[in-house]
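What follows is the residue order along each chain.
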Amino acid sequence: MKGRKSILFCAVGLLALASCKKDVVDIPESNDPVFRTIGTIGTEPFEIVAGDNGAYMFTMTEVQNGVDVFSGKISDGSFSIEMGIYDGMVDRPSHEAVDIITNIISTEFSHNTGFPLLTLSKDELTTMAGSQYIEQIVWSIDGIYQDLNEVVITEPGKYYVCADVTFLDGATASICNEVIAGYKLDANFMIDFSVGLQGAVTASVDDMGNTVQEVRWFVDEDLVGNTEYIETGSLSGYHTITAEVEFENGVVRRKSVLVDGSNEQHTVNDFTIFEYQAPTTVEPRDFNIRLFVEKDGKKYSSETAKNEDAYLLITGLEYYGKNDAGNNVYKVSADVKVQVREVGTSNTTPMSFTTVFGIEIP
Amino acid sequence: MSWTDGEIDKLFQDRVKDLSFEYKGEYWNQFNASLSARTPEMAAATAITDAEIDKLYQSSVAQLSFEYKKEYWESFDASRVKYVPEVAAASIADTVIDQLYQANSKGLSFEYKDAYWTEMAAMLPQNRRPDFLWFGTAAVFVGLLIATLFIGEPVSSTTDRLLTENSATIDGNNRNKSNSNNSANEINDTDQVLENNQVDNLLDKIAENTNSVQVLENGNSVTTNSTGLNSEPTSTSESTGMNISPSNPSLSQNLPSEPAIVEPRGSAIPNLANVNNIQTPVTPVVDEDIFIGDLPTVDLEREELDEQIVNLQDQVNMPDFRMPTIPRFYVELNGGLSQSLITPSDRFSSSVGVGLGFQFQKGRFAFTTGVNGIWNFHDDIVLNRQAKVYGFGSDVYQYTLKYDHIYSLEAVLAMGYKFGIHQINVGIRPSYAFGSKVGFSLMEEDVEMEREVLYGHMEGIKRFGLKPMIGYSIDLPSNITIGLNIGAQIMSSVNEEYINGQNNRLPIDGQLYFRKSISFGR
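Line by line, the protein sequences are chains A and B.
The numbers in our numbering rise by one with no breaks, and the one at position 38 of the first sequence is 66.
The numbers in our numbering rise by one with no breaks, and the one at position 44 of the second sequence is 660.
Heads up, some of the hints might be wrong.
With a straight-line cut-off of 27 angstroms between C-alpha atoms, the simulated DSS-like cross-links for lysine-lysine are [as the list claims (entries may be wrong)]:
hint : chain 1 : residue 1 : chain 2 : residue 2
1    : A       : K212      : A       : K365
2    : B       : K1004     : A       : K359
3    : B       : K1018     : B       : K978
4    : A       : K350      : B       : K1004
5    : B       : K1018     : A       : K101
Quick caveat, the hints were computed from the structure, so don't treat them as lab data.
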């Protein structure tokens, strides 16, 4: 019996030895290229493979006129293709771009027509009662001086526009607002306000027919209430009344007016009138594609070429991983046919290719 | 006018048909002498090779042409001897032909040349499945081994029972002799008490069973017809006294198997020792009876007992009688050397191991089964690979995996033939590799990124192996056995996809082992 126990003990020991923990070695294995583009530009074929001949797939999110462009660029140093997808729903800050992009099958190329998308006009602004005493406006966009009294915006974007106002009495003040041009707006509003004799300001939201879910009022960036309208106490000097409105459809807009409790002529409306009067014939740029090519020192862009017949057919889109910046990268498989125009010239070149492209979508 | 051959022939025959010459032996001798008396010039003239003759002949006849005429052929055909089977059969008998053939063939001899064999070997079909023999042998062996488990009983159960009864009877009878005044006797170590008539009945069974044992003298003595067993009544003695005549080896058939032999102590061992010493038939002498109770105890190991029994059987041509096939357990230490598992390689692999198992013997055949834990040492099972991993760009990795140690479990299934202390074994050793020690290093763009020792990485190793083997072992005192096995791995050992090189086909290994047999229980 003792011997049998010894044998059993040995057998169990051997089994335990055999079933002990195994180290797992992460042996790198060769794989096929992940990102590649093969096609023709003009009549010249090209193939660029990330990982071969020094080519690399860069992925990034660029900002074009205040709007994200989810981009990737494959380049070997002498030849590069950069492709980006403009964000959309720019008035909905909480939207998930990836959810929308992954459901896109086909989209259009963006096109910079040069046509006015939105005009910042002193004259237009002074048609409103609250801005009728403005003598002059110096416009600046995103901190950059633009022009005096009138500025035409031809590129879509989400701009931060500031107006340095000179009133008829020579007083000056500044007011800034967000202005969206060339993108679809799903809701909008403007602030109605009035200044009382004692310098008290009454303000309310004109929802322009959209369903408001919540309003937050700020005076000089201090939250003062979340009711439909506010009545402030006596305000002396310039003050900014801001309303942040969240609509039921998820749109969130923030607009400001300038008031002076001690002088009811020193007021400026928000800039909603410019968005409201923008031409509606322009196709919004939401989730459009842009393409830049650089070859032999020449730069080409799809946005300056006519691309009525161009298409980008997405045949696959899947998550790939994170890039060096730690942002999510998606692998987009697509068939592309597009016209690109050499920058600075009128030369247009047809281009078609099949690609597996990396695009960062945070 | 030109003469045709036929006309010349006819003219010649007409002229010579009336000619006659007296034959004289000296004519022939003279002619024969003229043949041998060739001058050197003649010899030189005839020293011409067959090839030259052929060439000369061909060049000469190349210009010849003969006019074919049908009558020539008819003439020739008519001159041929027609083959008639009956005539041929009658002309020479088969036996004569046979004799002629045999007489002439005795003189034939052929020179052996290696080239002949090489040529013939090349003509032989290639064996496309050389492993089949190994697998077949292994399967047959395993089958035999399993079958042996079922045929391991030395005698039938009925015979066993009778023998046991006989044993009890003899023992009881002996005791009865020392207690003749008693009607019941104590039998052996048991408390069983047998009546005299019961003893008689049992003795009758012995007689019936053996056909050579008779019950004599009121059942108090057992003897054989001729020599055999003579168990005399010793009514005054306190000791038992089974008298065994050394000249009657057939008695062994009726000897109790289990009670008398299994216990290497007491009176049974001297019995066997005495029986084993029977070398020549001797006239039974009652005076030379062995008094078992006074014999010294002989310290014999079980295997020695087996050996002696086998020797006895051989000497007296006894029917098969063996001890029960009780396994003997053993522990083992082993070490080995092997050809490399891969090729090309000029390295050797070594191994050490420990194991346990058991062995049982049936006659001269010994069956061994066990399991060893083997620690194999290698220095040539290496994987060098370069991997280009694509992603946003690409990274080139150079990594090395070196299998330093492979740990495996190896079963032993062997059958041996014993002669004395020597044993020849054949068997198989299936194995299962369960672990490894691997040195791993990783370089990226010529910069070492990682170096570590891994355990259990088995990607390059095939887990299952099978080695047919032959071996020799010798039994040493103190239940130690030393043996040597030579085996060849018939299954591929490495995964060529993950190893530099290819599987070495049938790498041979040698294994030296030391076994210590262990007796458990009784």
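**OP:** Take a quick look at whether K1018/B and K101/A sit within 27 angstroms of each other, Cα to Cα.
**Re:** violated (41 angstroms)
Subject >> Agreement of K350/A and K1004/B with the hint, judged by alpha carbon distance not exceeding 27 angstroms >> reply: holds (19 angstroms)
Subject >> Hinted pair K1018/B and K978/B, Cα distance within 27 angstroms >> reply: This hinted pair is violated, its Cα atoms lying about 46 angstroms apart.
Original post:
Is K212/A within 27 angstroms of K365/A, Cα to Cα?
Top reply: With Cα atoms ~26 angstroms apart, K212/A and K365/A stay inside 27 angstroms; holds.
Subject >> Hinted pair K1004/B and K359/A, Cα distance within 27 angstroms >> reply: Cα-Cα ~20 angstroms, so holds.
Comparing the model with each numbered hint stated earlier shows that hints 3, 5 do not hold.
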